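So the sequences go chain by chain: A and L. Heads up, the first sequence is in the working numbering, so the first residue is 142 and it goes up one at a time. Heads up, the second sequence is in the working numbering, so the first residue is 114 and it goes up one at a time.
Do not rely on the hints blindly, as some may be mistaken.
Said to hold, decoys possible - Output of the computed footprint for chain A on chain L, the stretches with three or more beta carbons under 8 Å from beta carbons of chain A:
#1 123-131
#2 134-148
#3 153-163
#4 170-180
#5 183-195
#6 208-217
#7 220-231
Unchecked claim - Calculated from the model, a selection of chain A residues having no Cβ within reach of chain L, i.e. all distances over 12 Å:
#8 LEU238
#9 LEU239
#10 LYS240
If you're looking for bench data, these hints aren't it; they were derived computationally from the structure. Only a predicted model underlies this, so the values are computations on that prediction, with no experimental measurement involved. Heads up, the beta-carbon is just placed ideally off N, CA and C, and yes, glycines get one too.
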Amino acid sequence: MVPLSYYLVLSAILFACGVAGFLIKRNIITIFLSIELMLNGVNLSFVAFAAQLKSLDGHIFVFFVMVVAAAEAAVGLAIIISVFRTRETLNVDRVNLLKL
Amino acid sequence: MLSLILFFIFAALCVGGAINLLVQKHPINSALSLIVVMGSLALIYLLLGAEFVAAVQVIVYAGAVMVLFVFVIMLLNAGVEERTEHASRVAMVLGVPGLIIGLSLAVWVVSHLAGLDRIAIGGPMVMNGSDVFGNPQAIGHLLFRNFLLPFEVTSVLILIAIMGAVVLARREE
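Same shape as in the complex, but just chain A:
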């Protein structure tokens, strides 16, 4: 048996790593990976609280978060491919204008 706060601290570490990656990385794909890391950190909190409250609602929330993350990954990667086609770069510093 593991105390609930250990799970919460692990979740906070994963979320903070995601935020840090989002801020310091310059490759658009790595930024996207950092967002997935943040979503995983939040999912861990949901599952830990579901186990503490002995309620399955948290698992359903995690299920929906995963579905939305999958949809977001599909659309986001399509946008990345389309951006790469027009700009020939993945560096977000060079993709700072909406107009080409």
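Once you've looked at the hints, dock chain L against the given chain A.
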């Protein structure tokens, strides 16, 4: 005791993978370390009695989503990340560990004040007299009774996402 040891092993793998994602320069290395994080998170979900969520984590996240990422990285032939000029070294050296340690300390203090570190959770849990917590049967009952409308809306969302991906990634004539 065993679950505590297993928790520490997989938590260390998780944190190591997350740190490696930050340190690596090439996106493919970052993607592979994120797969390590997701795989060890699936085992932590099993420790929490969430069998269905663990299976979906492996199939959907570590499987489908990460395959999509790796596919796009290889399709675009993404190289080593370029460095930004005028990037602050102080923010890199102090800001990132400061953010991680600060947020985890804040969560630790709040959960200590709320008394959450005295609540031990995990292991097989009993609901309604039988050991069904978190298995697909229990999730299915809840999903198709209480959460039927959100579930159906989700299918519309997936359909729109598929069409959006096709339209966005299509080569313009």
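Verification of the supplied hints:
{"no.": "1", "hint": "123-131", "verdict": "holds (count 4)"}
{"no.": "2", "hint": "134-148", "verdict": "holds (count 6)"}
{"no.": "3", "hint": "153-163", "verdict": "holds (count 7)"}
{"no.": "4", "hint": "170-180", "verdict": "holds (count 5)"}
{"no.": "5", "hint": "183-195", "verdict": "holds (count 7)"}
{"no.": "6", "hint": "208-217", "verdict": "holds (count 7)"}
{"no.": "7", "hint": "220-231", "verdict": "holds (count 7)"}
{"no.": "8", "hint": "LEU238", "verdict": "holds (17 Å)"}
{"no.": "9", "hint": "LEU239", "verdict": "holds (15 Å)"}
{"no.": "10", "hint": "LYS240", "verdict": "holds (16 Å)"}
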